[in-house]
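Throw the hints in and build the complete structure from the sequences for me.
Chains A and B, in that order, give the protein sequences. Start counting the first sequence at 2; every next residue gets the next number (the working numbering). Start counting the second sequence at 522; every next residue gets the next number (the working numbering).
Be aware that one or more of the hints could be misleading.
Said to hold, decoys possible - Below, simulated BS3-like cross-link-like pairs (lysine-lysine); rule was C-alpha separation at most 27 Å, straight line:
#, chain 1, residue 1, chain 2, residue 2
1, A, K191, B, K801
2, A, K326, B, K799
3, A, K345, B, K593
4, A, K327, B, K592
5, A, K326, B, K592
6, B, K704, A, K345
7, A, K326, B, K712
8, A, K324, B, K641
9, A, K345, B, K712
10, B, K799, A, K324
11, A, K327, B, K716
12, B, K715, A, K328
13, B, K593, A, K144
14, B, K680, A, K328
15, A, K327, B, K712
16, B, K712, A, K324
17, A, K345, B, K592
18, A, K326, B, K593
19, B, K801, A, K327
20, B, K716, A, K328
21, B, K801, A, K328
22, B, K593, A, K324
23, B, K593, A, K327
For the record, the hints were derived by calculation from the structure and aren't laboratory data.
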Amino acid sequence: MTQYTQADFKSDQPLKFCAGCGDHAVAASMQRAMAELGIAPSQTAVISGIGCSSRMPYYMNTYGMHTIHGRGLAIATGLKVARPDLTVWNVTGDGDCLAIGGNHFIHAMRRNIDLNIILFNNKIYGLTKGQYSPTSDRGLVTKSSPWGTVEDPFCPAELCIGARGTFFARAIDGDIKNSIAAMKAAVSHKGASVVEMLCNCVIFADGIHKLVTDPAVRADKTILLEDGKPMIYGKNRDKGLVLDGWNIKSVTIGENGVTEKDLLVHDAKMVDPTFHLKLAMMGYSPYGYAGATDELPIALGVIRDVEGISYDEAVAGQIEEVKGKKKARTLRELLLSGDTWEVK
Amino acid sequence: MENPKIIEASEVVVRFSGDSGDGMQLAGTIFSTVAAILGNEISTFPDYPAEMRAPRGSLGGVSSFQVHVGKKVYTPGDQCDVLVAMNPAALKQNVKFLKKGGVLIYDEDTFIQSELAKAKFATLDPFTEMGIADKYQFVGVPVSESTKASLADTGMDAKSVARCRNIFALGFVFWLFNRPLEKAEEFLTSKFAKKPEILQANLKVITDGFNYGANTHASVSTYRVESRQAEPGIYCDVKGNAATAYGLVAAAEKAGTRLFLGSYPITPATDILHELSKLKFLGVTTVQAEDEISGICTALGAAFGGALAATSTSGPGIALKSEAIGLAVMAELPLVVIDVMRGGPSTGLPTKTEQTDLMQCIYGRNGESPCVVMAASSPVDCFYAAYNASKIALEHNTPVILLTDAFLGNGSSSLRIPDPENLPDIKAAIATPDMAGSYEPYARDPETFVRLKAIPGTEGLMHRLGGLEKDEHGAISTNPEVHQKMVRNRQAKIDYIANVISELEVMGDADADTLVIGWGGTCGHISAAVENLRAQGMKLAQAHFEYIVPLPKNTAEVLRKYKNILCCELNNGQFAAYLRSKVEGISVKEFTEVKGQPFQIRDIEEAIVKVVKG
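Right, here's the structure in full:
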């Protein structure tokens, strides 16, 4: 395998994100994940829609296309079906993916097309200078909601899993190590993979994720899920998750006789999505982040990673299969084998 | 048995009509195919009910299939010589298409009170009630009862027996036209090869229907239709939508690329998706997308990946695809967009034909967004138009919009099966691996203004495309001069294509001072009208446009020669307005109709006469 470095995936274009924008870190994570995966830049394509994050293809020394608002996933789908040999990434944001591109998103999930979707969720429209997005918490005050929004947000994981997604991971923009791990797992997954990046927009929604990402609370407000490992978190690594009836409950190891053995062990490969959905929804209320009202941490890492038939493989496989069923190899052979007559 | 009266005809139009479930299309297809085998030219057109499942015998449930056969056939014909009506509703809906003195064949077993009531007849004598009793040659045939009798010994259930009525009626029509039954039997044998019982039943009833005509001396004229000398070759019957699909396949084969169709079902274009989906064994990839936008976007992604990519739709779909066509213009990627036009605006008349999308296709995008717009002129021409659209798209890295319409898409004519050797070469404008290091995505050929496309996977040619304006090196630019230059370059690229397409051909009289023009699917009707008038001694010239953007190079030169120009089109004069904007100093008169129906030849004749006589 050829060894690549981050530099091999950097284009000659300087990044134009605002100073302090979380997208700088995600760009670096993507380039480093690509290098670590060892797939040649020429075999990689990055397709995006419109929005701040959708500028990403310009910064990648790969094949790329910066397309139109909401349609990156549809364009990436066509590319992957036509060229299953390529590794195709889709860069999208909460507006691009879940508002104008919502239809393409749910159908990409349903079809399970082998795309690596990096969903930059900053809960705001940045490029149009600060309107609420479909992931903004209820009541958020923005330029287009001066009195606060009166609608509930999507939780991307809920939509992904509800649309039969086979892979969902979540990471924090500045957490390069775990971002890279999630992106590499997404590429390894055959099928549609969603990595939700909790991104901070310093200009229009600074601190939007701080309930969970603030260094002071992060360890207690997040849990990194790892397949096959017990669900432990907390500043002192003394908190864990157990099942209590239908619900997940946070417990403290050493209190009330709880030991590590009592904790839930993460199984990302479970086909039944019910429990993955519960994990993904921890820390969320119908109105957005539950914040102080919910003692459960937000799940990070690979929450769901199950095998399924990928659409691009199925399309290619069917073409090969039906080739064996018909004699004609060209259009002319086909037409000549049908109802014809000759004029001499 | 000797036939009483045989009329020698150069052409004849037969309209088969009945309930949606009566198999009128099958009967008509057999009739037209056999005519083609015997050396006639053919043109057919189905007329489906608008309702999905109207009650049996009701006026809303009538389905028709019109067949025009003869020596020189341009269209399915305005009016028919023979009308077959399988029930009273079919008569009521279709008698308006029957020429005065024509032959009306009807299933007399269905002209009973209950069926007449379903067709909203107030009396038991529909002919008098409609005031047509002395206008036609009426031939009542006991189709239902005869079919029952014919199949009495087979043990088939009543429903299956009833399904054979169409073939009994067809047998009678074969007798009327002196058509040999063997050819129909061959067709049926291949059609029902896997259903021997149904095959035997149909072979029996077609013979009995034929014999019924011969034995009863049915006192009507019988026809013998002249054949023409067609170009030698092997032929098949194709519908326009299938021909479009085949044209794409032929182009992909010639170019040595994969064919990709991204499409969303929409009347009347869906058959293109159906046809290409059937052809997966030829390596064709089809994606039935989640919406119209995804239909074109998946195609654009495939085009970026190196495929010959197409999307098929109708007017409402073009509206939804406009933004992505703009991206294809900006990214300069090859893409074939097929618009099978239907009645509009909005949902309009989904099953009916019109040419009302022209301006939408030429101009209906944001920004200066030029792309090639062309139109097919007959069902068979759909093949060549789709082939040429693909060739231009791949060689010039541009979207090409191909206009056909419901009339062409559902109509059929005979296609001489093309030999790929004889089709023009297609050489896609692609960057080669040796350009690694020096490739610039927006560098252009100085003559053609074509940029070379680099195919993902090629080492060293990595690059980024997108909807944002870029400089020639591919970097984003908002520089006013760069934008001005790129706008001009994109336009120049489309304008240059006028040098590679065929010139406008003028047919008819060299000394005519009236030129009749049109574009797309009205070609047959206009040609027939011009020929009819010329046969009567009128001096006329005719030109038909296949390319609209860009116009053929000699357009201005041709148009300026004539004192009168009459533009016939199925809209409010869109092409005429476009021509006036493109060619200075011409006066274009219009004959337009927007009824959801093809032109009637005689109406065009009247319009021409009016113009010539001033």
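A quick look at each hint next to the structure:
no.	hint	verdict
1	A:K191 x B:K801	holds, 24 Å
2	A:K326 x B:K799	holds, 12 Å
3	A:K345 x B:K593	holds, 18 Å
4	A:K327 x B:K592	violated, 36 Å
5	A:K326 x B:K592	violated, 40 Å
6	B:K704 x A:K345	holds, 17 Å
7	A:K326 x B:K712	holds, 19 Å
8	A:K324 x B:K641	violated, 53 Å
9	A:K345 x B:K712	holds, 25 Å
10	B:K799 x A:K324	holds, 11 Å
11	A:K327 x B:K716	holds, 21 Å
12	B:K715 x A:K328	holds, 18 Å
13	B:K593 x A:K144	violated, 69 Å
14	B:K680 x A:K328	violated, 36 Å
15	A:K327 x B:K712	holds, 18 Å
16	B:K712 x A:K324	holds, 23 Å
17	A:K345 x B:K592	holds, 16 Å
18	A:K326 x B:K593	violated, 40 Å
19	B:K801 x A:K327	holds, 10 Å
20	B:K716 x A:K328	holds, 22 Å
21	B:K801 x A:K328	holds, 12 Å
22	B:K593 x A:K324	violated, 40 Å
23	B:K593 x A:K327	violated, 36 Å
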